[in-house]
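Could you build the full structure based on these sequences and the hints that come with them?
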Amino acid sequence: MLRLQICVILVSFVTAFDLKFDYQIREGKARFVENIETNLGKNIVKIHTPAHNDVLESYLMQDFQKGKQIRCLPSLRQCRLRDIDRKTSSDAGKVTESYVHSWNKGTNSISSTNATVIKEMYYVDGEEVVNTVELGEDLRTFYESFEYPLYIEKNIPSDAKVLNIASSSGRRFKRTLQPLNNDCKGKDPKRVFGVDSGRSCNYLKICEEVAVVNGNRVFTDCGNVHITSPLAYICVCCPWVTVINPKGSECTCTKMG
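Position 123 (the sequence shown) corresponds to 123 in the working numbering; numbering is contiguous.
These are calculated hints, taken from the structure and not from any lab test.
As the structure is a prediction and not an experimental result, all values here were calculated from the model.
Watch out, some of these pointers could steer you wrong.
Here are the computed lysine to aspartate or glutamate pairs in the EDC-like style, where the Cα-Cα straight-line distance is at most 16 angstroms [as the list claims (entries may be wrong)]:
| id | residue 1 | residue 2 |
| --- | --- | --- |
| 1 | LYS119 | GLU153 |
| 2 | LYS154 | GLU128 |
| 3 | LYS154 | ASP125 |
| 4 | LYS20 | GLU37 |
| 5 | LYS68 | GLU153 |
| 6 | LYS66 | ASP138 |
| 7 | LYS154 | ASP85 |
| 8 | LYS154 | ASP83 |
| 9 | LYS29 | ASP54 |
| 10 | LYS46 | GLU57 |
| 11 | LYS119 | ASP85 |
| 12 | LYS68 | ASP138 |
| 13 | LYS94 | ASP18 |
| 14 | LYS87 | GLU120 |
| 15 | LYS42 | ASP91 |
| 16 | LYS46 | ASP91 |
| 17 | LYS190 | GLU250 |
| 18 | LYS190 | ASP159 |
| 19 | LYS187 | GLU250 |
| 20 | LYS42 | GLU137 |
| 21 | LYS87 | GLU208 |
| 22 | LYS66 | ASP91 |
| 23 | LYS46 | ASP22 |
| 24 | LYS66 | GLU134 |
| 25 | LYS68 | GLU137 |
| 26 | LYS154 | GLU127 |
| 27 | LYS68 | ASP91 |
| 28 | LYS154 | GLU120 |
| 29 | LYS46 | ASP18 |
| 30 | LYS42 | ASP138 |
| 31 | LYS68 | ASP85 |
| 32 | LYS68 | GLU134 |
| 33 | LYS46 | GLU137 |
| 34 | LYS20 | GLU34 |
| 35 | LYS66 | ASP83 |
Label-pair restraints from in silico Cβ distances [unchecked claim]:
| id | residue 1 | residue 2 | range |
| --- | --- | --- | --- |
| 36 | ARG26 | SER75 | 19 to 25 angstroms |
| 37 | ASN164 | CYS184 | 18 to 24 angstroms |
| 38 | GLU208 | GLY28 | 23 to 29 angstroms |
| 39 | GLY186 | GLU144 | 46 to 52 angstroms |
| 40 | LYS20 | VAL133 | 27 to 33 angstroms |
The beta carbon of each residue, even a glycine, is placed where N, CA and C say it ideally should be.
Laid out in structure tokens, this is it:
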């Protein structure tokens, strides 16, 4: 318990500095290191997740003061901006304190078999961010370091129709939704959301509650979370389509080209 108190005290003295730590992750047959960086003073979290299985390498920065996050995907050469989902995301203080707790317990590893999966559903509609002043210096500096275009992500409605995009990984990204050159046999085309192969994800240990026992702060309700985000795009398809064929004529998406 003394060790925990010392760590918490030390954390309180470094609120203006970046704290760097990592987790050893096991996901199926994949083994990798996830790097995390927090700044308590600015309430910023950065996470680097390497490519593994069907997951793309990603660099994530969350600025909780701005309420915005940017994720950059080197394999796609693009960055994506959206509002932070505070129901699924944990700020710098919680991420750091949870790591301190796990360090005191002698573990910094997470297995996908004992992690709660949280699936975030967002899509890119091709709208590129031109004015970055509102992002603030930290987010702007982060994304500019990649020299990629920055696109806006929007939440997929819970009642939306979501279809898989078949074998399209690596196709070029179009900034606008092209007209569907198909009369759909006289039927009205439908707006759907296409989920591409590949996804981004990150793992965290999160402690939701802190109790006081014998005058000491004790973390309770701690667990592993696996936040996964498929790559999704807005599409228009003929109404009978169940799987989007990127080489076919029955759908058009912002992704295809």
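Hints and how they fare:
no.	hint	in the structure
1	LYS119 with GLU153	15 angstroms, holds
2	LYS154 with GLU128	12 angstroms, holds
3	LYS154 with ASP125	8 angstroms, holds
4	LYS20 with GLU37	4 angstroms, holds
5	LYS68 with GLU153	11 angstroms, holds
6	LYS66 with ASP138	10 angstroms, holds
7	LYS154 with ASP85	11 angstroms, holds
8	LYS154 with ASP83	8 angstroms, holds
9	LYS29 with ASP54	12 angstroms, holds
10	LYS46 with GLU57	14 angstroms, holds
11	LYS119 with ASP85	11 angstroms, holds
12	LYS68 with ASP138	11 angstroms, holds
13	LYS94 with ASP18	15 angstroms, holds
14	LYS87 with GLU120	10 angstroms, holds
15	LYS42 with ASP91	10 angstroms, holds
16	LYS46 with ASP91	10 angstroms, holds
17	LYS190 with GLU250	11 angstroms, holds
18	LYS190 with ASP159	14 angstroms, holds
19	LYS187 with GLU250	12 angstroms, holds
20	LYS42 with GLU137	11 angstroms, holds
21	LYS87 with GLU208	12 angstroms, holds
22	LYS66 with ASP91	12 angstroms, holds
23	LYS46 with ASP22	11 angstroms, holds
24	LYS66 with GLU134	9 angstroms, holds
25	LYS68 with GLU137	12 angstroms, holds
26	LYS154 with GLU127	10 angstroms, holds
27	LYS68 with ASP91	12 angstroms, holds
28	LYS154 with GLU120	11 angstroms, holds
29	LYS46 with ASP18	10 angstroms, holds
30	LYS42 with ASP138	9 angstroms, holds
31	LYS68 with ASP85	9 angstroms, holds
32	LYS68 with GLU134	10 angstroms, holds
33	LYS46 with GLU137	15 angstroms, holds
34	LYS20 with GLU34	11 angstroms, holds
35	LYS66 with ASP83	9 angstroms, holds
36	ARG26 with SER75: 19 to 25 angstroms	23 angstroms, holds
37	ASN164 with CYS184: 18 to 24 angstroms	20 angstroms, holds
38	GLU208 with GLY28: 23 to 29 angstroms	27 angstroms, holds
39	GLY186 with GLU144: 46 to 52 angstroms	49 angstroms, holds
40	LYS20 with VAL133: 27 to 33 angstroms	29 angstroms, holds
The structure agrees with every numbered hint stated previously.
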